[in-house]
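S.K.: My request is simple: use the sequences and hints to build the entire structure.
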Amino acid sequence: MTDIITILYAAIASGTIILYATIGEIITERSGILNLGVEGIMLMGAFFGFYLAYTTESLILAIVGAAVIGGLMGLIHAFMTITLQANQVVSGLALTMFGTGASAFFGVSMVGKTLKASFEVIPIPLLNKIPILGEVLFNHNILVYCAFILPVIIWFVFNRTKWGLALRSSGEEPLSSEIMGIKVIKIRYIATIVGGIFIGISGAYLSVAYSRLWVEGMTAGKGWITIALVIFANWNPLIAYGGAYLFGGLTQLGLNLQKFNIPFPIILLKSIPYVFTILFLLFISIKGKRSNLPKALGEPYFRESRG
Amino acid sequence: MSEIIRKLEMRKITKKFPGVLACNNIDIHLKSGEILALLGENGAGKTTLMNVLFGLYQPEHGEIFINDKQVIINSPSIAFKYGIGMVHQHFMLVPNLTVVENVALGLLGKRIFKLNLGEVRNKILEVSKLYGLSVNPDAYIWQLSVGEQQRVELIKVLCLGANLLILDEPTAALTPQETDELIVLLKKMAENDRSIIFISHKLNEVKAVSSRVCVLRNGSLVYEGKTQEHSVAALAEKMAGREISMPTLKGKSKATTPILEIKNVFAKGNKGTMALDGFSLTVNKGEIVGIAGVSGNGQKELADVINGIAHIESGKILLHNEEITNKSPQKIINRGIGYIPEDRIHEGTIPSFSVKENIIMKDYNKTPLSKKLFLQNKIIEDYSLELIKNFDIKCPDNKTSCASLSGGNVQKVILARELSRKPKMLIASYPIRGLDIGAAEYVHEQLLEARKENVGILLISEELDELLDICDRIAVIYEGKILDILNRDIATKSKLGLLMAGIKDEEKVI
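Chains E and G are the protein sequences, given in the same order. Residues 1 to 307 in my numbering are what the first sequence lists, from first letter to last. Residues 1 to 510 in my numbering are what the second sequence lists, from first letter to last.
If you are wondering where the hints come from, they were derived from the structure by calculation, not from laboratory data. Owing to the predicted nature of the structure, the values given are computational and were not obtained by experimental measurement. Don't take each hint at face value.
[Said to hold, decoys possible] Distance condition first, Cα-Cα at most 20 Å in a straight line; then the derived EDC-like pairs of lysine to aspartate or glutamate:
hint	chain 1	residue 1	chain 2	residue 2
1	G	316	G	261
2	E	183	G	363
3	E	162	G	382
M.R.: Now the structure itself:
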């Protein structure tokens with residue numbers, strides 16, 4: 001029993017990493033911009049967050065710094081793809097390569113360092129007394145709690161606010177939107193930057209709150225999983241919960257199965273989440289129900305002589 | 001080569017889709033050398049019936065006979081075998097391949113490994129010579145105009161040996177000139193003993209091209225007979241099932257207060273040349289001014305610059321004496337310009353959005369539809385239901401996506417959005433293009449209603465009937481300039497036609 005609770009607890013903690021990034025990517029993609037730089041932005045966020053937490057011992061500064069670096073990388077992607085009309089796939093892949101390389105280069109000095117400051121676990125009074133559920137859900141740090149409410153807020157913004165309407169219409173039919181008075185370029189810039197901010201925060205959560213270590217390439221493909229999860233979530237922030245925590249759970253399952261001396265290669269156990277990601281995608285394409293896929297996703301929007 | 005189809009009969013064809021009886025017990029027949037028009041409004045079952053003949057759909061009941069022998073056509077390749085070819089409304093050509101390669105693709109089924117492009121080219125040249133279908137076999141599809149692409153489609157089916165051609169709304173994307181050429185071509189094919197089924201909802205074309213006509217309405221055959229025995233109005237009535245009278249403007253406009261003034265505007269088009277080349281025009285309150293012209297003479301750019309979508313190099317645009325030159329679309333919308341864009345799907349709506357959302361797209365950020373950041377769902381709900389009722393938009397509910405509506409209903413959504421904002425000025429680009437006659441009648445009624453309420457209207461169109469019906473004045477655009485403006489009492493088709501060709505001085509021609 002305690003094993004199960006431990007696994008579930010850890011699933012929430014590790015799913016939070018992907019939840020932040022998935023929400024960020026959903027925001028960006030809903031505006032029509034595909035950002036494949038998630039892996040690189042996460043790594044940059046992880047490194048800068050860790051660096052700031054180590055040198056300043058301020059957790060707030062660490063998170064803000066990671067958010068800023070994430071937002072900056074989003075801005076680069078927006079500038080490349082919206083203003084310079086570069087191919088979105090190429091620009092995104094370039095960001096990933098840049099982020100992976102730069103974080104490894106700067107990160108050499110941080111390898112093996114430990115943090116003094118840490119995110120305290122804040123039990124939520126009363127709620128944490130609920131059997132099992134209380135232990136699993138209401139005994140975490142502040143970043144995990146923020147991740148609990150973030151998808152709801154973003155869902156609300158998408159569906160109940162005027163920003164959301166303008167954001168979604170820009171991702172569906174940019175020319176129509178422009179003709180109807182929506183500032184498509186501005187919206188896409190903002191969405192790509194805000195998306196970058198959340199992805200940056202996910203990186204900082206990983207290095208500063210979750211593992212409390214800096215390791216080169218520590219995201220280990222989580223950025224790519226994020227991109228798959230956006231599809232799994234059908235671009236709906238509420239479904240992103242399920243995907244992120246399920247993935248967190250599978251990761252923990254892989255790690256925990258080792259304890260039980262199951263005669264099975266460890267490497268293969270660790271690959272469980274990745275295998276499941278492929279199965280998710282397979283399942284979704286077979287099911288083929290109504291998709292929220294933004295119609296203009298990845299397509300450049302030429303205002304050509306319309307500047 | 002398959003045997004010539006001397007006689008085709010479709011007997012008691014019934015095709016059901018979930019919830020819809022698309023074709024109900026339809027009988028049609030056709031002899032070689034005949035052009036049969038299949039006339040009906042959108043959704044009447046014309047395309048479904050032809051897809052049955054082409055083997056794309058299997059009917060629930062019914063039989064097909066060719067030369068008095070029953071045949072079963074359960075795939076397009078079998079239809080080809082019997083000599084039936086179909087040109088779809090949306091062309092099935094690969095843009096990055098040449099004409100020869102595209103035609104060769106169609107022939108691939110016959111020979112798997114051998115690809116003899118030289119032979120295909122000869123065949124194309126032979127067919128194009130026979131029917132006067134001029135086309136360069138080595139051109140890439142993307143280099144060709146829509147009219148030329150259609151010729152390629154025709155050549156493709158002819159090269160496959162089709163002697164019965166089904167053309168699904170072949171003129172939908174053609175200019176009037178291209179349409180006339182197509183009609184001549186089809187008649188020539190019919191003289192060569194090919195038979196043709198021509199699907200359309202455009203009465204003038206049906207009248208011009210066909211010898212017999214079958215009228216479908218709601219999946220049933222409601223009339224069949226010789227085309228020449230009926231007037232356009234009589235056919236329209238059969239098609240719509242009620243009397244149709246396209247509204248016409250009555251009474252002179254007393255309008256003298258300018259609402260939109262365009263002064264000596266220069267603007268670049270897509271190709272970098274001056275698409276608007278010193279364009280000037282004034283529209284008064286309560287007046288409909290038509291812009292006639294062959295498409296590509298600056299109409300698109302004109303609509304774009306007025307609505308702030310494109311940039312003006314020099315010149316001025318005034319709305320109600322206030323300058324709106326090069327302002328953002330949002331500012332121009334808020335100053336009171338309404339816009340019915342040419343491409344109603346990709347410029348006028350967000351197809352994946354619901355009717356409700358599309359209705360509020362220009363006002364969602366104003367009270368009472370939103371307060372501060374938040375959309376007021378209850379108010380939006382009531383507002384959209386009210387407009388759906390007032391504008392007679394036929395949709396299952398207000399959450400239906402616009403993509404699933406017919407063209408006429410999409411146009412009603414746009415009209416509802418634009419007119420309910422009480423614009424001072426309305427730009428309408430080709431507002432009835434592709435609509436069936438009932439919907440076109442409605443659009444014109446609404447425009448005339450808006451005129452009565454003192455809205456200034458600029459109507460861009462290529463259909464002279466449309467312009468002559470409802471415009472106070474008709475301006476002819478030629479190479480980015482207004483060539484002349486005719487008042488409705490002196491405007492005639494022939495005068496406008498000459499002006500559209502760029503000929504201003506009539507006497508000189510004679």
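S.K.: Taking the hints in turn, state whether each one holds.
M.R.: Right, here's what the structure says about each hint:
For the proposed pair residue 316/G and residue 261/G, the alpha carbon gap of about 8 Å is at most 20 Å, so the pair holds. For the given pair, residue 183/E sits about 14 Å from residue 363/G by alpha-carbon distance, which is consistent with the 20 Å threshold. Our distance criterion of 20 Å between C-alpha atoms is met by residue 162/E and residue 382/G, whose separation comes to about 18 Å.
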